[in-house]
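Asker: Given chain A, work out where chain B should sit, using these hints.
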Amino acid sequence: MPLSFSPIQVILLLLLLAWLVACVVFDLRSRQVPALLTIPPLIISALWRLFQGEWPVVVLVVVLILISDLPWPMWHIPLACLVTILALSIPGTSESTYALLVIFATWALWEIDVAGGADAKLIISLVLLFGNGLLFIPIVLAGGIQGLFGLIARKKTIPYSVAITLGMAGWLWLSAVR
Amino acid sequence: MRKEVRAVRFLKDTAAIETAEVAVIIAVVVLVAYGAYQILGQKIAQVVQDVAGRI
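If you read the sequences in order, they're chains A and B.
If you count the first sequence from 1, position 176 lands on 160 in our numbering, and the numbers rise without skipping.
If you count the second sequence from 1, position 7 lands on 505 in our numbering, and the numbers rise without skipping.
It should be emphasised that the hints constitute simulated quantities derived from the structure, not laboratory data.
Even for Gly, the Cβ is constructed at its ideal location relative to N, Cα and C.
Any given hint might turn out to be false.
To be verified - Here are the simulated EDC-like cross-link-like pairs (lysine to aspartate or glutamate), alpha carbons at most 16 angstroms apart as the crow flies:
id	chain 1	residue 1	chain 2	residue 2
1	B	Lys510	A	Glu38
2	B	Lys510	A	Asp53
3	A	Lys140	B	Asp548
4	B	Lys510	A	Glu95
5	A	Lys140	A	Asp97
6	A	Lys139	B	Glu519
Unchecked claim - Computed from the model, here is a short list of chain B residues facing chain A with C-beta under 8 angstroms:
id	residue
7	Thr512
8	Glu516
9	Val549
10	Ala550
11	Arg552
If we strip away everything but chain A, and leave its shape as in the complex, we get (with noise of 0.2 angstroms):
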């Protein structure tokens, strides 16, 4: 089946393309991903959720964020819980609901120091870009590949970004052909 994708829509995936790839190019050079290539995504995906009238997802990351600088740290998935749990009361969409939850998992996963910031900031500005959280399944699935793998080379870490990017296209070519 033919995928058609207008001009505009090009233009964009390419630069999707490219800041995954730069994301990905400083992973695999020192598993560190500069704040320049993850804050102004987070940021400008946000506001683009605002902008689509979808406020709950956009105020529990900011919650998010806000919860785990406070002083008290074995109180913070507990609060996370309570705020994912009100933001989940408010009436949505499936997607917005996923959305939530990838949300709150990904933030609970860097919280208990499983998961890196960036990669953390990668998936909740791909899951606000797209407003789907059903992007996290193929994110996954690539990183379990991954990890696999890893474990096969007897390595002890794995540059998600990688397993970031193909999740996000293989989400991205499956949307596009259903």
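Answerer: Frame of chain A, contents of chain B only:
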């Protein structure tokens, strides 16, 4: 004395580290959760609606 400014920890973290084991575990957990939701989601919603109807 210089006051310590509380920075936004999440935004300042530039680390892109994931352990291979964790990536595999997360993939398995998400797959199982999504699969369970696909299989049981409608039934659970029906039960919740039945209970809500009785109340």
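Asker: Are the hints correct? Go through all of them and say.
Answerer: Hint-by-hint comparison with the structure:
1. Lys510(B) x Glu38(A): The hint is violated at about 26 angstroms.
2. Lys510(B) x Asp53(A): holds, 11 angstroms
3. Lys140(A) x Asp548(B): violated, 49 angstroms
4. Lys510(B) x Glu95(A): holds, 13 angstroms
5. Lys140(A) x Asp97(A): Roughly 15 angstroms between the alpha carbons, so the hint for Lys140(A) and Asp97(A) holds.
6. Lys139(A) x Glu519(B): Holds, at about 10 angstroms.
7. Thr512: This hint holds: Thr512(B) lies near chain A, its Cβ roughly 5 angstroms from the closest one there, short of 8 angstroms.
8. Glu516: With a closest approach of 4 angstroms, the Glu516(B) hint holds.
9. Val549: With a closest approach of 18 angstroms, the Val549(B) hint is violated.
10. Ala550: Ala550(B) check fails; min Cβ-Cβ to chain A is 15 angstroms, beyond 8 angstroms.
11. Arg552: violated, 22 angstroms
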